[in-house]
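Participant: Taken in sequence, the protein lines are chains A and B.
Just so we're aligned: 197 in the UniProt record's numbering is position 197 of the first sequence, and the numbers increase by one with no gaps anywhere.
Just so we're aligned: 211 in the UniProt record's numbering is position 211 of the second sequence, and the numbers increase by one with no gaps anywhere.
Don't read these hints as lab results, they were simulated from the structure.
Since we're looking at a predicted model, the values are computed, not measured.
Every residue, glycine too, gets a C-beta built ideally from N, C-alpha and C.
Among the hints, erroneous ones may be present.
[What the hints assert, rightly or not] Sample of chain A residues facing chain B (criterion: CB under 8 Å; computed from the structure):
hint, residue
1, Asn49
2, Met51
3, Glu73
4, Ile82
5, Gln84
6, Gly86
7, Pro89
8, His90
9, Thr99
10, Leu103
11, Trp265
12, Leu269
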Amino acid sequence: MIQFDAVHKRFPNGTTAVHDLTLRMPEGGVTVLVGSSGCGKTTTLRMINRMVEPTSGTIRVGGKDVTRQDAAELRRSIGYVIQQAGLFPHRTVLDNIATVPLLLGHGRRRARAKAAELLETVGLTAEAGKRYPHQLSGGQQQRVGVARALAADPPVLLMDEPFGAVDPVVRTQLQDELLRLQKELSKTIVFVTHDVDEAVRLGDQIAIFRTGGHLVQCASPAELLARPADDFVADFLGAERGLKLLSLKTLAGVPQGPAPEGEAWTLVLDAADKPLHWASKDGAEIPVRPLKDGDSLLAALDESIASPTGLVARVDAAGRLTGVTSRDDIHRHAGQAHSEARVAA
Amino acid sequence: MYELFKNLGTWLTSGANWSGSDGIAHRLAEHLQYSLLATLIAAAIGLPLGLLIGHTGKGAFVAINLASFGRALPTVGLVVLVFLAGGLSMLPVYVALVALAVPAIVTNTYAGMTAVDPEVRDAARGQGMRGHQVLFQVELPLALPLIMTGLRLALIQVVATATIAAYVSFGGLGRYVFDGLAQRDLVQVLGGAVLVAVVAVALDLLLSGLQRFLFRHRTA
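Chain B with its partners taken away, still in its complex shape (with noise of 0.2 Å):
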């Protein structure tokens, strides 16, 4: 057990592993651009959408029973589903983790907009305010730090789940897994785990740290 560990110590420092195009570097570079592009492409999916529900109050059981889905989604499943429909490509990868992030930015965007104050969201209309005035300076900014919650999990659930980009063959942190499998070589799947680990963790702290930086002003 010790010697794992200290083989892993030597892994992760040798500056040997880390440069060059399957250096650490350059797959933590590809991890972060999958993550990354997959957590946008959610956003732009389910940023409307959470926000078209909770300004309606129609649709709701949607946002609500995404959730369940989203924990139930078989995520390699997906992948191999779509590659064998539509061949080897990053399109698998992308549409399988867009799927895995939706249902959280859905629900935590849905969830915000529930939670502002329904006598402000009438104050709103009271001053004068359209719908769409209602949504962009009121129910937006007030449900906004649920919203970067649901964007921060999403992007976290991506970052450990875009290992499987290696399953079908392309980059990222999860070549060292899958390739570590393969040869048998226990010390690269555990050096790549626990980058990935790190990353997520990072992700986290950096973007609470944000989040807190940013809504210092409000209450609870």
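So here's chain A without its partners, still in its complex pose (with noise of 0.2 Å):
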């Protein structure tokens, strides 16, 4: 866990990064830090490993008070991730992945096998260990910057704009990565980013930033989107807030159907059961992206509107058709999600 205590930064030319900061930072939970630049973000996730000291308050991870430990050993037991990734160009991937191991004195050998079970777990190759940083893609190289910053096995990881220079398909794939790493792993993340919806996808808790340094509001993402505390947040979350919270709920529990038969348009399936498209009467095609119960109600609604006949094919792990939802049922449960969110809040 991350405490922050009437946490203040003021820098030599006056001005203030991080304005009386009070915030608790979950253990085993991904806190993200949103706002737009200049908002101090990054300046208090800078002052938990010390690269940014604080002018007064206190920060204590883990218990202990951050300023009364030895900087360059506090850094190695906190991963640290940064946009661009900061990889040593000098050194192969593996090498870099080693950083933190060969500082606390690991041998080389045990380093090395470390780094090499990393760069799997990462979804990197054997052979990607050998190269240099500048001949991986820029999605390749922020993986390695993950797999550095796990390699000593942290509590804590701080990513700094990890996903923010590359483009949008691969920054989904590592979201995903991500998540699925967090699943195994339980660390305590403290995540910076200024794109609202990726804070909504990673988060378990989301602190907004208002330029100044001042923490406007710190909620679970439902909670924000349903009850954002002022405007500023209101105008910071955007105006499809509704469609954000719909892409935090998932399919499971809306009720399905058998698939229509002998109407105006049919569902075709494959011999394995597979949705392979819609047809209609006079042989018109139409393609259907089938969702399991794991996808959100956005992707849903989205299938919905897409859909000639406004049903959704339900599919299960293994891509077998389950039945159809209708778009009034996605209708009524979005509503309902809404309705939940705000009782909650």
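Join the two chains into one complex using the hints; note that each chain is given alone, in its own frame.
Facilitator: Spelled out as structure tokens, the structure:
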């Protein structure tokens, strides 16, 4: 757990980067710090591993005041991932990942073995370990950055806009990977971004900052979307707040019925019961995007609009059709999700 | 003109000119010895200075102004000055050559250090490296290509200038230039000059080749 108490940071040039911040970042959870540039979110993150020293107030990691620890030793015990990865260009990927174990005095063999293991964890091949950072794509470099941060198995991971410099497709992949990793590892993660969608996807709690280093609201994504504390938060979350909330709810529990037969449109399946496309009586075909229980209500709403029948094809983990859900059922559950979020908040 | 070049060819290829204590081989060895020793001393002074300025970011004006100072330095004047102050020895020659080489080494080392991506330096600190670990494990290796360029430039300047050893009666390839001038033997003057030029160019090619080999994994 990371605890900020009345933390203040004023830079020598007189600007206040963080103003009287009291914030608790729970153990094993992802806390996302969001806000526009210059709002103090990165400064807040960098005070945790003493890359920036607070002017006043205390920051405790695992109950221990960070300013009372040796800065270098503290940093070795906290994973740190930055934008553009910040990899060492003169070292191979494997040696980059082995950085902290080597600093901790683990032998070169042990450090490299651990690094090779992590290469796999972040979805890279053993062959990539022998390359140099500039020979990798931006997305691969970010994976190496994450592996390097994880190498000494630190309980806390600081991520400063780690996916800010990669294209949207890779970005989504990396977010998925992080969620998968987090399920396995349960690290205490502090994640800085200016992207609201990224914050909603990744955060267990989201802290919104306003220029001048003021924390405006800290809450779960659902609570934040359903009940923004003020106009600033509402504006920041954007006009599609309702839709973003739907991205948090899954299709599980939404009723489904049998697929229509002998009507204007029928759902065509392959031999393994996997949906192929919608076919009309006069031979037209419209693609179908089958959804699993884990997919979001937002995806279901989207597919129900694209579907010629307003029906969404539902499949099991193996991709076999289990039934269809109507647009009305999706709408009703979407409305329920909103009222639940308001009540819970 | 043709005659001159023909005689130069004969001078350079005559076996008798190459052997003995005043032969080309011996003079070449002397020349290289002066040059390497002077560059080595200059590196011992210039490298730590450039690294210190680059690592701390303090005293950058020293590194920058040293470059123009080095260009403006009258080498022969310096030799004469130290010679007058300290008497006849190799000392004035080494003082002058080292003074010539230090600026190139300091400015290139500093330039190499400032060219290190601040993100990389930040990441190094953030992973828990101490100051000296950042310097020796990250900054120095990354600055190495430019540091080597500085050493190469310094060595070549020194090789080209080490003829001044002969000016104060010592050896090296400058012997031919100054003796030739005294004896009005133009072939000998030209022979000495050509040899100095060939040595400088050969060293430049050799060292830049070595640099390319050592840093073949680096981009830009």
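Participant: Each hint should be assessed against the structure and marked as holding or not.
Facilitator: Now for the hints, and whether the structure bears them out:
no.: 1; hint: Asn49; in the structure: holds (6 Å)
no.: 2; hint: Met51; in the structure: holds (6 Å)
no.: 3; hint: Glu73; in the structure: holds (7 Å)
no.: 4; hint: Ile82; in the structure: holds (6 Å)
no.: 5; hint: Gln84; in the structure: holds (6 Å)
no.: 6; hint: Gly86; in the structure: holds (3 Å)
no.: 7; hint: Pro89; in the structure: holds (7 Å)
no.: 8; hint: His90; in the structure: holds (5 Å)
no.: 9; hint: Thr99; in the structure: holds (5 Å)
no.: 10; hint: Leu103; in the structure: holds (5 Å)
no.: 11; hint: Trp265; in the structure: violated (54 Å)
no.: 12; hint: Leu269; in the structure: violated (51 Å)
Violated hints, listed in ascending order, are 11 and 12; each of the other numbered hints is respected by the structure.
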